[in-house]
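The whole structure should be built from the sequences, with the hints applied where relevant.
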Amino acid sequence: MRNHRFSLAIILMVTGFIVVFSYQYFKKAESPKSEEANELWTQEHQLRTQLIKEQETNQSLEKKLENRREQVQSNEQTLANQKKEAHDIQKSLNNYRMLNGLTKVHGPGIRVSLEDAQYVPEEDDPNNYIVHQQDIQEVIYELYAAGAEGVSLNGQRLSIHSYIECVGPVVKIDGQKHTVPFIVEAIGDPHLLLSSLNMSGGTVDLLMNRGIKVSTEKKSDITLKPLI
Amino acid sequence: MWLPVLGLFIGLVIGWFTNVSIPEAYAHYLSIAILAALDTLFGGMRAHLQKNYDNVVFVSGIFFNIILAAGLAFLGVKLGVDLYLVALFAFGVRLFNNIAIIRRLFIQMWRERAEKNVHKS
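As given, the protein sequences belong to chains B and G, one line each in that order.
The first sequence finishes on residue 228 if you use my numbering, and the numbering steps up by one all the way, no holes.
The second sequence finishes on residue 121 if you use my numbering, and the numbering steps up by one all the way, no holes.
Since the hints were made in silico from the structure, they are not lab data.
Don't take each hint at face value.
Stated by the list, open to error - Listed below are the simulated SDA-like cross-link pairs for lysine to any residue, each with C-alpha atoms no more than 25 Å apart in a straight line: (1) LYS172/B - GLU123/B; (2) LYS51/G - ALA9/B; (3) LYS219/B - LEU207/B; (4) LYS27/B - ASP82/G; (5) LYS172/B - PRO226/B; (6) LYS27/B - SER31/G; (7) LYS27/B - TYR29/G; (8) LYS27/B - LEU88/G; (9) LYS104/B - ALA9/B; (10) LYS27/B - GLY92/G; (11) LYS225/B - GLN176/B; (12) LYS91/B - ILE228/B; (13) LYS177/B - ASP189/B; (14) LYS177/B - ALA117/B; (15) LYS27/B - PRO23/G; (16) LYS27/B - LEU12/G; (17) LYS27/B - LEU30/G; (18) LYS27/B - ILE14/G.
In structure tokens, the structure reads:
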């Protein structure tokens, strides 16, 4: 009986050894696998998160791009407006320069010449029969009022700062002396300028009444020198 | 009665603290060894109950069976045929047979005892 027990003990020992050994072996073999799977899962999760993040970044960048594009467009619009403004300013500047006599201009217009009366009655004051500074001024103002864009007297360009003085027998314009005949040239609509001068009871009529020789003619092309 | 329990315990402890890693190709041998050991155990149990127990047969059975199964598996690996399945199958069938016989013997014993009790009363 003792013998039986001993051999049973040995067999049980061997069986226990093998069972536990294989149990441990398979546990060991399996654990790295599960670890690997876990690692893979973690990696996948990480990649997925990264992907989502990238997509979000993309989205926000796209939005930014859109904003930037809109900004560029509005900037371009502003620039175009500014350019247009600058162009307009340039245009009006040129216009003003022209009106101020700073540029050489040419175009259709009229020419008016004023001369003293040839005949002065004995009993009258001869002062009434000669061309005065205010007569010239009258003509020039009339021309300006009728829309003259440029006026010159005896070839001297006039500007808004110009002044006309009466100095004895001569007339001084901006310090330059001029004598009869006074030739006024104006650029503008010839018909308009002429008719405004020839209005009945107008400038020319008044001058003619005093015997002053006034001759007017239309010119298809008048060139005015710039003011120096 | 304590000797077999001690043997089992010692086996468990040795198995637990043996830290030998074997290649995966030999995993089949382990399963065969387990089956051989269990088969031998239940075979011995059955023989004991049938009263034809032989100590030499019992002890030699386990080692011989393990060696035979391992040899078969080895041959299978070398030939590229899953011969370890043969050993697995044989052990499995024998295991079920043995357990079935043990069950019947127990049932028989239980009935005999019941009858004796009836006769007594």
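- Within a Cα-Cα threshold of 25 Å, do LYS27/B and ILE14/G meet the stated pairing? Holds: LYS27/B and ILE14/G sit about 17 Å apart, inside 25 Å.
- Does the structure keep LYS91/B and ILE228/B at a Cα separation of 25 Å or less? At roughly 22 Å apart (the allowed maximum being 25 Å), ILE228/B and LYS91/B satisfy the hint.
- Query: Keeping to a limit of 25 Å between CA atoms, is the pair of LYS27/B and LEU88/G held or broken?
  - Reply: 21 Å, holds
- Under the criterion that the straight-line Cα-Cα distance not exceed 25 Å, is the pair LYS172/B, PRO226/B satisfied? 18 Å, holds
- Message: Need the status of pair LYS177/B, ASP189/B: alpha-carbon distance at most 25 Å?
- Response: With a Cα-Cα distance of about 29 Å, the restraint between LYS177/B and ASP189/B is violated, given a limit of 25 Å.
- Item | Hint consistency between LYS225/B and GLN176/B [alpha-carbon to alpha-carbon, up to 25 Å] | It holds: about 15 Å lies between the C-alpha atoms, which stays within 25 Å.
- Message: Please verify whether LYS219/B and LEU207/B have alpha carbons no more than 25 Å apart.
- Response: 22 Å, holds
- Message: Need the status of pair LYS172/B, GLU123/B: alpha-carbon distance at most 25 Å?
- Response: Cα-Cα ~29 Å, so violated.
- Message: With the threshold set at 25 Å, check whether the alpha-carbon distance from LYS27/B to ASP82/G stays at or below it.
- Response: 24 Å, holds
- Satisfaction of hint between LEU30/G and LYS27/B, Cα-Cα up to 25 Å: Since the Cα atoms of LYS27/B and LEU30/G sit roughly 13 Å apart, the hinted pair holds (cutoff 25 Å).
- Agreement of LYS51/G and ALA9/B with the hint, judged by alpha carbon distance not exceeding 25 Å: 19 Å, holds
- Query: Is LYS27/B within 25 Å of TYR29/G, Cα to Cα?
  - Reply: Holds. LYS27/B to TYR29/G sits at ~16 Å (cutoff 25 Å).
When each numbered hint is compared with the structure, violations occur for hints 1, 9 and 13.
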